[in-house]
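**Q** Starting from the known structure of chain A, arrange chains B, C and D on it as the hints suggest.
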Amino acid sequence: MKNLLTILPLLAVVILVHYLTSATDTMYYLTQLTMSAYYALLIIGLCVLMGYAGQISLGHAGFFAIGGYLSASLTTHNLIPYQDNALLAFLESSGMLVSGHDLYGEALLVVSPWAACLVAVSSAAVIAYFIGIPVLKLKGHYLAMATLGFGIIIYRIVLALEYFGEADGISEVPAFVLLPGLSVSGNFSDRVQNYYIAWGVLLFAMVLLLNLIDSRVGRALRGIHGSEEAADAMGVNTSRFKLQTFVLSAVFAAIAGVFLTHYNGGIGPSEAGVMKSVRYVAIVAVGGMAHLWGTLLMGVVLTFLSLRGVFGSYDDAVFGIVLILIMLFAPNGILSLNIRHRIKTIFGRGKKRREEEV
Amino acid sequence: MLKIRNLASGYGKIKVLKNLSLHVDAGEIVTIIGANGAGKTTLLSTIAGLVTANSGEAEFKGTDILKTKAAAIPGLGCVMVPEGRQVFATMTVEENLLLGGHVVQKQGKDFIAGLMEHQYELFPILRDRKNQLAGTLSGGEQQMLAMGRALMAKPSLVMMDEPSTGLAPLIVREIFQIIVRLRDEGNTVLLVEQNAHAALGIADRGYVLETGKVILQGPAEDLLANNDVQRAYLGREKND
Amino acid sequence: MTIELLIQYLMAGITYGSIYAIVAIGFNIIYNTTGIINFAQGEFVMFGGMIAISLLQFMPLPLAIVLAVLLTMLIGALIEICFIRWLKSPSVLRMVIITIGISILSREAAVHIWGESIRSLPYFVGNEISSVSVLGARVSPQVFWVVAACALMVLFLGIFFKTTSVGREMRACASNPRAATLCGINTRNMVTLSFVLSAGIGAFAGCVMSPITYSQYDMGTGLAVKGFTVAILGGLGSSGGAVAAGLLLGIIEAFSVSVVPLAFQDAIAIGILLIILFVRPQGLFGSKEAAGLSEF
Amino acid sequence: MALLEIHQLTKRFGGLLAVNEVSFQVEPGQIKAVIGPNGAGKTTLFNMISGTFPASSGTVFFKGRGLKGKKPFQVATLGMARTFQNIKMFSGMTALENVMVGRHVLSKAGFTASMFRMPWTWKEEKDIRGKSMELLALLEIEEHAHTDAQSLAFGQQRAVEFARALAVEPSLLLLDEPAAGLNMYETAEVARLITKIRDFGVTVLLVEHDMSLVMDISDEIVVLCFGEKIAEDTPASIQKNQEVIQIYLGEDRPC
Numbered sequence: 101m102k103n104l105l106t107i108l109p110l111l112a113v114v115i116l117v118h119y120l121t122s123a124t125d126t127m128y129y130l131t132q133l134t135m136s137a138y139y140a141l142l143i144i145g146l147c148v149l150m151g152y153a154g155q156i157s158l159g160h161a162g163f164f165a166i167g168g169y170l171s172a173s174l175t176t177h178n179l180i181p182y183q184d185n186a187l188l189a190f191l192e193s194s195g196m197l198v199s200g201h202d203l204y205g206e207a208l209l210v211v212s213p214w215a216a217c218l219v220a221v222s223s224a225a226v227i228a229y230f231i232g233i234p235v236l237k238l239k240g241h242y243l244a245m246a247t248l249g250f251g252i253i254i255y256r257i258v259l260a261l262e263y264f265g266e267a268d269g270i271s272e273v274p275a276f277v278l279l280p281g282l283s284v285s286g287n288f289s290d291r292v293q294n295y296y297i298a299w300g301v302l303l304f305a306m307v308l309l310l311n312l313i314d315s316r317v318g319r320a321l322r323g324i325h326g327s328e329e330a331a332d333a334m335g336v337n338t339s340r341f342k343l344q345t346f347v348l349s350a351v352f353a354a355i356a357g358v359f360l361t362h363y364n365g366g367i368g369p370s371e372a373g374v375m376k377s378v379r380y381v382a383i384v385a386v387g388g389m390a391h392l393w394g395t396l397l398m399g400v401v402l403t404f405l406s407l408r409g410v411f412g413s414y415d416d417a418v419f420g421i422v423l424i425l426i427m428l429f430a431p432n433g434i435l436s437l438n439i440r441h442r443i444k445t446i447f448g449r450g451k452k453r454r455e456e457e458v
Numbered sequence: 084m085l086k087i088r089n090l091a092s093g094y095g096k097i098k099v100l101k102n103l104s105l106h107v108d109a110g111e112i113v114t115i116i117g118a119n120g121a122g123k124t125t126l127l128s129t130i131a132g133l134v135t136a137n138s139g140e141a142e143f144k145g146t147d148i149l150k151t152k153a154a155a156i157p158g159l160g161c162v163m164v165p166e167g168r169q170v171f172a173t174m175t176v177e178e179n180l181l182l183g184g185h186v187v188q189k190q191g192k193d194f195i196a197g198l199m200e201h202q203y204e205l206f207p208i209l210r211d212r213k214n215q216l217a218g219t220l221s222g223g224e225q226q227m228l229a230m231g232r233a234l235m236a237k238p239s240l241v242m243m244d245e246p247s248t249g250l251a252p253l254i255v256r257e258i259f260q261i262i263v264r265l266r267d268e269g270n271t272v273l274l275v276e277q278n279a280h281a282a283l284g285i286a287d288r289g290y291v292l293e294t295g296k297v298i299l300q301g302p303a304e305d306l307l308a309n310n311d312v313q314r315a316y317l318g319r320e321k322n323d
Numbered sequence: 106m107t108i109e110l111l112i113q114y115l116m117a118g119i120t121y122g123s124i125y126a127i128v129a130i131g132f133n134i135i136y137n138t139t140g141i142i143n144f145a146q147g148e149f150v151m152f153g154g155m156i157a158i159s160l161l162q163f164m165p166l167p168l169a170i171v172l173a174v175l176l177t178m179l180i181g182a183l184i185e186i187c188f189i190r191w192l193k194s195p196s197v198l199r200m201v202i203i204t205i206g207i208s209i210l211s212r213e214a215a216v217h218i219w220g221e222s223i224r225s226l227p228y229f230v231g232n233e234i235s236s237v238s239v240l241g242a243r244v245s246p247q248v249f250w251v252v253a254a255c256a257l258m259v260l261f262l263g264i265f266f267k268t269t270s271v272g273r274e275m276r277a278c279a280s281n282p283r284a285a286t287l288c289g290i291n292t293r294n295m296v297t298l299s300f301v302l303s304a305g306i307g308a309f310a311g312c313v314m315s316p317i318t319y320s321q322y323d324m325g326t327g328l329a330v331k332g333f334t335v336a337i338l339g340g341l342g343s344s345g346g347a348v349a350a351g352l353l354l355g356i357i358e359a360f361s362v363s364v365v366p367l368a369f370q371d372a373i374a375i376g377i378l379l380i381i382l383f384v385r386p387q388g389l390f391g392s393k394e395a396a397g398l399s400e401f
Numbered sequence: 035m036a037l038l039e040i041h042q043l044t045k046r047f048g049g050l051l052a053v054n055e056v057s058f059q060v061e062p063g064q065i066k067a068v069i070g071p072n073g074a075g076k077t078t079l080f081n082m083i084s085g086t087f088p089a090s091s092g093t094v095f096f097k098g099r100g101l102k103g104k105k106p107f108q109v110a111t112l113g114m115a116r117t118f119q120n121i122k123m124f125s126g127m128t129a130l131e132n133v134m135v136g137r138h139v140l141s142k143a144g145f146t147a148s149m150f151r152m153p154w155t156w157k158e159e160k161d162i163r164g165k166s167m168e169l170l171a172l173l174e175i176e177e178h179a180h181t182d183a184q185s186l187a188f189g190q191q192r193a194v195e196f197a198r199a200l201a202v203e204p205s206l207l208l209l210d211e212p213a214a215g216l217n218m219y220e221t222a223e224v225a226r227l228i229t230k231i232r233d234f235g236v237t238v239l240l241v242e243h244d245m246s247l248v249m250d251i252s253d254e255i256v257v258l259c260f261g262e263k264i265a266e267d268t269p270a271s272i273q274k275n276q277e278v279i280q281i282y283l284g285e286d287r288p289c
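Chains A, B, C and D are the protein sequences, given in the same order. Numbering of the first sequence is given in this note's numbering, commencing with residue 101 and proceeding in unit increments. Numbering of the second sequence is given in this note's numbering, commencing with residue 84 and proceeding in unit increments. Numbering of the third sequence is given in this note's numbering, commencing with residue 106 and proceeding in unit increments. Numbering of the fourth sequence is given in this note's numbering, commencing with residue 35 and proceeding in unit increments.
In isolation and in its complexed conformation, chain A is listed as follows:
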């Protein structure tokens, strides 16, 4: 309940921004804000992995790409040639496929976005699980390199396979109809609707993670980060918790990939690039690692600025510099510099009150 309440001011801000843009005739900002929200979704998931479970991942763009690419390819590849296949017939009868016509009026049979989304996200989860078992045994540099290696493999695969459109990526991804009248798409007319969908998803995810952090599981994770040995001695199955967090953050990344791909109507190999993964890690670091609010704020602000092209051709360089400066001068995140304390007292007040009731 408490975490629902802390979200409310943010919800108010979201609505306020909508009215401000509409009043000042700058509604085009909503497009980038929508995209930022999806990137922030990935980033807060990574925040729990890095900041709370203490595991770095330089391969999260890989999970984003798994979500985006699977969803995109399943919803665009025409299955008409395989129509006679028994499995396909079963899928069609169970409503997992949709038929229609492409631009040239040819018959089209593709997987429905809902089914594709499920396949994409669960694939990411399964891959994360099997990659995570060996990878999370590693520490420090080894873990960083192994996850980086995973990211590069995914990048190579999407770049090399014709099924994933090679260097061109996949375009013309259809809208994702969540509910009748509510769809994730890049249509101009759906812009406001999509802004609220994206922020709704992000805020919901935020509530879930805030709940998680302040629970038995969250305490165990923070314990692992504080002292793995002591957490182990308290009966915390550290490897299982790390693995579950890894899978959770991969699922967040995949969901972000699915939604953003449908919103953009396509996905390209750059989304799987190493630079993207590094950027996500940078934002988590800037936000203060174990600091969901800081990460959320920085995730939205930095991706928004980057998407608006504020940094021009120095985009990557800006992230590089930000990364270095933060790590050199404020390894606890930018909020640690001055306002973090104040934010803590604001959001910490509710917590104290409740503890006093006990």
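A few of these clues could be false.
To be verified - If you only want the chain B side, here are some residues facing chain C, beta carbon under 7 Å, derived:
no., residue
1, A153
2, L159
3, Q169
4, F171
5, A172
6, T173
7, M174
8, E178
9, L182
10, H185
11, A308
Hints in this document: simulated from the structure, not taken from any laboratory. Yeah, the Cβ is synthetic: ideal placement off N, Cα and C, and Gly gets one too.
**A** Chains B, C and D alone, transformed into the frame defined by chain A:
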């Protein structure tokens, strides 16, 4: 030779030493005894420059060593033999000794060779092990190597951190005999020990450290006879 | 497969393998003295090649290479002094992120200086089509330059670390930095030196490989991953292991071209890396005993 | 039946015999101490019992069950908790939260239940919180419940660590040098807390250097020297044991 006044030191937020004062005169063995966590190692590390002091003064032969960089302190003639025999495990015994002579390198090859010869005399076992990797030596041999390495700097003050840790009684006896010999050869020794009885047995003076403060000091015999020392470190009352 | 083709693949493997080995040795030098894996190691290679190509307009090739190596060493020193030297016991995560940041910055600097075009140094001897016959196979003479450079470097480092007092002091810092300080060795300077050395070695590699593999602003990351793979495979810190592992990986890659599409070549190297990390983190050639002796 | 049975436990590190064929038992309700000079193998022994690393040979039985191959978290689940020589607080968490982690094995909310705040977890959370406060009260530090654990004084951290270990509701509590870094007054406090814990129904096995603490509170003492058990007896007899006096207490003056 070494004067410490009101020293406070520690790691980050944790203050280990509080307001500690002591002094070591030339030619004596001074021992500092105390339980685990009393701050003995922190004290030596602060003098050696590995830990930065928060406040206080420390003067070695007239130089303010709190303002001196760790790597420059051995050059002044103040060396530390760290706890746990931190030898260069992947390098040979001879290389270890050569590295110990880093600060006197300028004195020329012959000077270094002479010093090496002296260490081999003091610790004959090291001569036999000259070309062996230090990591393959036994605990006692590693302790001797660590001492030999420190002596290669031709120090006037040798600080030793728990040389008896993890060594068999016979070896400890041998090490302590060498410490006495060092003193007899004109060196000054600051010895930190948990093995209170043995340390006080060879020392001229002693300090008892507890939670970062000196709680007792005096000639070694007086401390040995002290009731509190008996109880805390030997586990019994004097009149038991 | 004909014998000529076999040798062709083998020579290609040895060429790339030598390059990977040199990059891996660069990793090892810094890792040995600091315990840091420098994610920007690949950028040293890039800088070496790119600077030499630019300098070539003004001076003959040998001079350009020497100057490029020296300039890259200077860059290495600057990086260490600006970003690493004054940090007090930073966490591994912090170091990883900082070196990644340095790698990004180097790359961005390169793209703004040299653009995205692919360049290369000329062949040291002959040109693209000149070749030497080895058991019937045609092999470019540049291959021998690469192999010789690799051999020379290993030899030079071996002598440097074994016989010189500076080399000994660097090894002491690697073995036990605390004890090294207690011996009066300035460990900070040794760290700077290790960055200078590994930058120089990387730059030299960047020059000799440039005629064959070309140079581009973004070549660093791929090379770094390969180099790291080789460093791990050979056992972190071991030069001999790095050479053996480098040749092994190079040859595997070269022969894999006949089996899988070129695009998956990297995936193979990384696949090997992951398997090694999971099964034998001390590397193929690193022994557990030695790993137990060293303190890092 | 003994609560803990250690049988011929041995640990080799390379060529070094850190612990050599040590056997002893801990009976329910006892405070038993293991003493010995630095490097005698005490902490190694502890780490083998708690599963931190495997024994080279020998066995540990806890409540009649062999602990071979069990990881620390599994050992904790069986009802054996431990503290550490250099207190390992969970940084960035309050004293209360530290203790709440100790309730981990006795609660079960997983990722999904926690994220969605399932109604059944509400009661669990409340119980965890209540029980943890009780333990903080038992160890007389409840007024520091909401303080960042790492900013507490050393002695208070020690008490939080005890509370955290007790939150596991262990039948056996392993204490690794509980008096390390404490002054005489604080050591006496810790001694009092340890007897209080025993009276609370928890068997205690401690490794300690401070003789005054060990002699005052333990029922039985095991003396280790260079990895070998050289004596096992009541404090009074240990103090009179010639071999112990000679080897451990340092009567044997080298010069």
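**Q** Tell me if the interface restraint on T173 (chain B) is satisfied: Cβ within less than 7 Å of some Cβ in chain C.
**A** 5 Å, holds
**Q** Have a go at the H185 (chain B) hint: is there a Cβ in chain C nearer than 7 Å to its own Cβ?
**A** 5 Å, holds
**Q** Regarding the hint that L159 (chain B) lies at the interface with chain C, is the smallest CB-CB distance below 7 Å?
**A** Since chain C brings no Cβ nearer than about 9 Å to L159 (chain B), farther than 7 Å, the hint is violated.
**Q** Quick check on the hint: A172 (chain B) CB to chain C CB, less than 7 Å?
**A** Check passed: Cβ of A172 (chain B) comes within 5 Å of chain C, closer than 7 Å.
**Q** With a cut-off of 7 Å on the beta carbons, see whether M174 (chain B) makes it to chain C.
**A** 6 Å, holds
**Q** Please check whether E178 (chain B) passes as an interface residue: C-beta within 7 Å of a C-beta belonging to chain C.
**A** At 6 Å from the nearest chain C Cβ, E178 (chain B) passes the 7 Å test, so the hint holds.
**Q** Have a go at the Q169 (chain B) hint: is there a Cβ in chain C nearer than 7 Å to its own Cβ?
**A** Check passed: Cβ of Q169 (chain B) comes within 4 Å of chain C, closer than 7 Å.
**Q** Does L182 (chain B) pass the interface check with chain C, least Cβ-Cβ distance below 7 Å?
**A** Status holds, d = 5 Å.
**Q** With 7 Å as the cut and Cβ atoms as the points, is A308 (chain B) at the interface with chain C?
**A** 35 Å, violated
**Q** Going by Cβ atoms only, is A153 (chain B) closer than 7 Å to chain C?
**A** With a minimum Cβ separation of about 5 Å from chain C (threshold 7 Å), the hint on A153 (chain B) holds.
**Q** Does F171 (chain B) hold up as a contact with chain C if the rule is Cβ-Cβ below 7 Å?
**A** 4 Å, holds
Checked against the numbered hints given earlier, the structure breaks hints 2, 11 and satisfies all the rest.
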